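Engineer: The chain contents come next:
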Amino acid sequence: MLLLVQYTLVFASVLLLVALGGCFSEHSGVINLGLEGIMVIGAMSGALAMRALPDDLPAILMILLTLLIAVAGAVIYSSLLAFACINFKADQTLVGTALNLLGTAAATVIVKSLNRAANPDNVSSEVSYISEKKAFIVNINGFEFSWFFVVAIIALTVAFVVLYKTKFGLRLMACGEHPQAAASVGINVIKMRWFGVLISGIYGGLGGICYIMSGVSQWKFEYGVAGFGFLALAVMIFGQWKPQRIALAALLFGFFRALSNVYTGIDFLNALNIPGAIYNMLPYIISLIVLAFTSKSSKAPKAEGIPYDRGMR
Amino acid sequence: MKFWKNKAVQSIICSLVCIILGLLIGFIVLLCIDPSNAVEAMVIMLKNFWKYSKLSLQVKYLGNTLVKTAPLLMCALSILFSYKLGLFNIGTAGQYVAGACSCLYAALAWGWSWLPCTLFAIVAGAVWGAIVGFLKSYCNVNEVISGIMLNWIALYSTNMILSKVKESASPYTVHLADANTSAILPTLGLDKLFSGNTRVTIAIPLSIILAVVVMIVLNKTKFGFELKATGFNKNAARYCGMAEKRNVILSLAISGGLAALGAAMLYLTDFEQWEVTQSSVPAMGFNGISAAFLGGLDPIGTILSSFFIQHITSGGANIASLYCSQISDLISSIIIYLCGFVFIFKFYMNKIIAAKAQKAAENSVSAGNEAKGGKA
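Line by line, the protein sequences are chains A and B.
Each residue of the first sequence is one higher than the one before, starting from 1 at the first, in my numbering.
Each residue of the second sequence is one higher than the one before, starting from 1001 at the first, in my numbering.
For the record, the hints were derived by calculation from the structure and aren't laboratory data.
Quantities reported herein were computed from a predicted structural model and do not represent experimental measurements.
Ideal Cβ positions, reconstructed from N, Cα and C, are used throughout, including at glycine.
Among these hints, one or two may not hold up.
Restricting the straight-line Cα-Cα distance to at most 27 Å, the calculated cross-link-like pairs of lysine-lysine (BS3-like) are [said to hold, decoys possible]:
1) B:Lys1060 x B:Lys1192
2) B:Lys1356 x A:Lys89
3) B:Lys1005 x B:Lys1356
4) B:Lys1007 x A:Lys89
Some chain B residues near chain A, calculated using beta-carbon distances under 8 Å [said to hold, decoys possible]:
5) Ile1090
6) Leu1135
7) Cys1139
8) Tyr1156
9) Asn1159
10) Met1160
11) Leu1330
12) Ile1334
13) Tyr1337
One chain only, chain B, in its complex shape (with noise of 0.2 Å):
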């Protein structure tokens, strides 16, 4: 019973219900669209980098799988940060924009090494965040609207200021490594670990790390108890001293440091380039909305829930000459609408278990009496 009652046991039933019926969901579409190859397309987008058979090239493209869960970690971390505070930071999307801009222009145009780079990301993105905090605290807007708008302008801008530093033959940015090779992340010797892909750099540690004192933050010191304090109860934080509208403004600043630092992450590692053509939001602050859900809004959790979400991504790459690669977008949606109900599964599944507690403590204090009664 005990077992049952814990919270984390509880959100990762939770996680994996939503996982099993996101992926049953997706296989059902596979179906209907073409049932004679939906096995194999659902087995390769879950294998990902099983699918190659030499433990070698697994480990490299292992390695590509994590180079993007890095990020997308990052995006999920800015989300849940922010989501303590009671606040729906859909921004993360623009704030991530805003911090590839950044740093690959300044690593570009200027010619920066990385470690400015990736500092100058993060004061973009948490310029870009402070923003929709301070309009959430001293006008009243929705974060949600305020932070969907300013994805669209963070976009269009990006486009135009990355085209000064963009090849002239395509619509790419200049690769780093032709460029500046010196702003790319080092790797401390993980690529030897990976098969030699250079792209695996300490982004991957690095991010893990952040989970963990993002964690910290949270659990263990004031700061984070008063975000917690907030949102659970925001007159009742006001009353008890907490300076509201400040903590609003430097959870959306944190929260966009680290999405913008996600960016930073990819970007500086040469494995993609920005397009400055591209007439959408990169889907990876979305994404970053799944991870942090599926992950049970706790940092660690979300380590595991964004290489999932990664892992199908990556994978349903794969399936791009069966299906179309968005398969695996329509799965991670379906998870989050899924996630959606988590809150209320909860709530009876702890309905259940009291019930059956106290009937067990009934049945308990009823052959007590019964014992009594023998005796006497």
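Just chain A, same shape as in the assembly (with noise of 0.2 Å):
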């Protein structure tokens, strides 16, 4: 039971993360498909990250440099993004599922060639951050608490004093609720859309790094994220794009996510013999039940989606 509290946890830190960033890229007026591809780099900047760094480094040093170098990963490939979409009025669907192909394609071949590169018969696209990964985790009485709880409750609390609480973040939503009104009273609107997407870039890498570590102590990069990306847009849908719901629904999702991994420890859920497969699946069929009773009334922003046209009214 205190396995399934602790993976619930882990999971909902990661849907939270990512779907906080999806939240500001949306309310800029950009859809963020391409999360998925930025999970996976800031993953991937991140383990490479802790397996460059000496394993002596002081817990904090070690947490503060793995985050910070997995959030400028993923903020250098989300800008992939926004110079398409924003600067040349790309189709944000096509670029955004490029970037996600692109992001597991990259990953495994920088991942592939930098094993290689230290044994040549290392052909695999693993990286282990076995004892790197300690810092991160304070073991009490058989419960792993994460760091990365402290991360994602300091992320929703800045996600929503950004959003409600500064002129900064009124202005963002502003954008992506009709551009050409906000220009009209001096908001640069191609600067506020790319600070949304950058944003969410942070908390797409965040995401990734926490993900990877959300269990083991190796990732194989050719499995990219397992559509992670995907579950937390469908969480900020859930959540209305509103931080404080996305929380909450983050934690539903997180606790059927994390029902996969720990039902065979369950003496219950072992007993009623469903086969693993459908716990798999559990998370993406309660996601789309959701979506369809839930996407009717929504409250996306108006103008997601819509490349920004100064002429247009």
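Relying on the hints, combine the two individually framed chains into one complex.
Structural biologist: And the structure:
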């Protein structure tokens, strides 16, 4: 049971972080379907950083440096989306999809070639970080408390304050509702949308590194992040683009995702004798059902997905 | 001037620019990893089947590339068909999986022959696509997100269902050649053209015929016109009395059927078996996106682009000993990214052409005036 709580919190943190990223981007008016790829690149940068950093680094430095490098990688990568979609008015769905495919392909190529350079016989796309991971975990009587919970809560608070309590956040949201109106009062829509996408890069990178450290101590980059970027978008829609609601939605989805990891340890679920594949499908099925019921009365930003055209009314 | 204004010419130029830039970036990546083998690897990848010296072997391996081009083309047509309506059917990958699952299960568990297996696959894919369409038109669910969810649901259920017909010692499904030869697609003598490559079946000509059919449906029928009109302006189409909701569901069902047929075209040749432990959705559906956009969203262009994408993917597998085979995935994903710039590129191209045309017109007018002035 403790394990279920632990995994629920881990997956909820990932979903919360990435969904908040999507939330920033969409409030600025850009649909960021590339979150999955951004997560992969963030995870890769973080994992490689962990491997490169010396093991005896103080825990706090280890955590900060890893997160910083993960975020840096993800932000640089998300600028590809911003550049194409904001400056060149490219189709946001197409570019997002390209970034997802590119993320997994690039991460696999990079990790494989680094592995091969270190040891010519090693052709896997795996990075392991067993000793480094210890810096992130505090074991309390068998419950593994991860510093990522703290990161997620800070990120949630920051997102709430920035979006609703600062001039910047309100302007950002104006750009997603009616960019021409925002521009007419002197807001630079292009700049605001860039900020929206780059902030989503920060959150996506944090989510990515958090995801690959969720249970295991090594990650094969061929697998990407198993649709988590899209689950996070479902969480965001279920949370109606509001940070506090997104947090609740993330907990719910995190719970179902955690079930598939730990159901064998729970006697009651084991007795039901349901195949493991069903539990694997559960988060996706739940999100489909939830989306079917919540999308109708959507509170989506009005101008999301539409490239900004100064001359349009 | 007329030549440059031609839409087909513009699309071809854009696609070529995307390909060249994609290959160039891929080459730079290879140089960064290991400069000593970069040229060789690039040549091997681009040559693919030409790397064999004997003609008979070249033709045989060309056959292998074509076997995988057929399903890719179907996936690309699937993407293209729904994109005409403004829907981005990323669920093609899942509809492809649904098709693979149903045709293999029907062939292996029930012993059906190839035709009913194929039809069953099409139905399964169409249902899987129609779910996306239903959610889109009646519940306003973004088709990309529901498509991705259905991809994963399809993958896990397929793994579960096909575990019942897998080989006892390996995670792969039983070879059709051992279990049920009647389910293998007929070759109609095509194998003789490809040095006895029995994987070359009617799937290849059929996929090309279907590309032409898709073109005719989109360009010459009322249904195709309605789809495109709805894609241009949903509200205007509804105002004209077009059944928008029905068209959304129908087009996604057809799109799903095409993708699933693609899966049947691959798995019913016994070229590949399904691995029931795979933990990611097959790349075929996603590569279809590259092929569709690289082909300029035109069915005929898509035939060429599908072949190109499959050509470098198959070629990429040959460089695994020098680099990793994902280089070709990297290149095709860069190509999709670059395709995002195509619309703006065409926009500027037309602007330049228009400016030049205007200048030419002004020149001829002023030249005419001068000539008149000379006379007077």
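Engineer: Taking the hints in turn, state whether each one holds.
Structural biologist: Do the hints match the structure? See the list:
1. B:Lys1060 x B:Lys1192: holds, 10 Å
2. B:Lys1356 x A:Lys89: Between Lys1356 of chain B and Lys89 of chain A the Cα gap is close to 25 Å, so the pair holds against 27 Å.
3. B:Lys1005 x B:Lys1356: holds, 12 Å
4. B:Lys1007 x A:Lys89: holds, 20 Å
5. Ile1090: holds, 6 Å
6. Leu1135: At about 6 Å, which falls below the 8 Å cut-off, the nearest Cβ of chain A leaves the hint on Leu1135 of chain B intact, so it holds.
7. Cys1139: holds, 4 Å
8. Tyr1156: At about 4 Å, which falls below the 8 Å cut-off, the nearest Cβ of chain A leaves the hint on Tyr1156 of chain B intact, so it holds.
9. Asn1159: holds, 6 Å
10. Met1160: holds, 4 Å
11. Leu1330: Where the cut-off is 8 Å and the nearest Cβ of chain A is about 4 Å from Leu1330 of chain B, the hint holds.
12. Ile1334: Since the shortest Cβ distance to chain A is 6 Å, the answer is holds.
13. Tyr1337: Hint on Tyr1337 of chain B: holds, closest Cβ of chain A at ~4 Å, below 8 Å.
Checked against the numbered hints given earlier, the structure satisfies every one of them.
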